[in-house]
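> Sequence:
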Amino acid sequence: MTLSEKDAGEIFTLQRAAYVTEAHAPEDLYLPPLVESLIEVTSELDKAEVDSFGLRDGAQRLLGAVRVCVLPANARCTEVGRLVVAPDVQVRGLGSRLLELVEARVSEDITELKLFTGEHSVGNLRLYSRFGYRETHRVPTASGYGLVYLSKRVR
Numbered sequence: 111m112t113l114s115e116k117d118a119g120e121i122f123t124l125q126r127a128a129y130v131t132e133a134h135a136p137e138d139l140y141l142p143p144l145v146e147s148l149i150e151v152t153s154e155l156d157k158a159e160v161d162s163f164g165l166r167d168g169a170q171r172l173l174g175a176v177r178v179c180v181l182p183a184n185a186r187c188t189e190v191g192r193l194v195v196a197p198d199v200q201v202r203g204l205g206s207r208l209l210e211l212v213e214a215r216v217s218e219d220i221t222e223l224k225l226f227t228g229e230h231s232v233g234n235l236r237l238y239s240r241f242g243y244r245e246t247h248r249v250p251t252a253s254g255y256g257l258v259y260l261s262k263r264v265r
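Every number in this note's numbering is 110 more than the matching position in the sequence shown, counting from 1.
Straight line, CA to CA, 20 Å or less: simulated SDA-like cross-link-like pairs of lysine to any residue:
1. K224 <-> R207
2. K224 <-> E245
3. K116 <-> R126
Simulated restraints on C-beta separations:
4. A158 <-> G119: 16 to 26 Å
5. S114 <-> P250: 33 to 43 Å
6. Q170 <-> R248: 36 to 46 Å
Please keep in mind that the hints were generated in silico from the structure rather than gathered at the bench. Note that beta-carbon positions come from the ideal geometry of N, C-alpha and C, so glycine has one too.
When you get a sec, could you build the whole thing from the sequences and use the hints?
Below you can see the structure in the form of structure tokens.
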């Protein structure tokens, strides 16, 4: 299902819950998704170049969400970001379903998908590898851990 700025509160809450778990490995509670405000989430969802998709438990609770953004420097490339799954339903294939949604719904003009994750996010790295993403480079953060950048060709 497509999400919009009216879903920002739920996305904000889900994002916090998912990334608190993620922040334990690098011991960094200042990861960008954890310090992003509700106003910033709402603003991001309101941008024309950003699409957000989610999975609900029936028509009720938001279980997972992901955002995609066409990169301004290259209209044929999309950045996949803020892929989150509620901690109590992780490891049930929802992350895979969200990636499938992204690939099914991105414009036919898109030829490359890019994303990044923390080097300690072993489960995420495994998931992205299964979907054909390959590491392009790593960037150290001020906190001392690395961000792993990955890319995948589509179409």
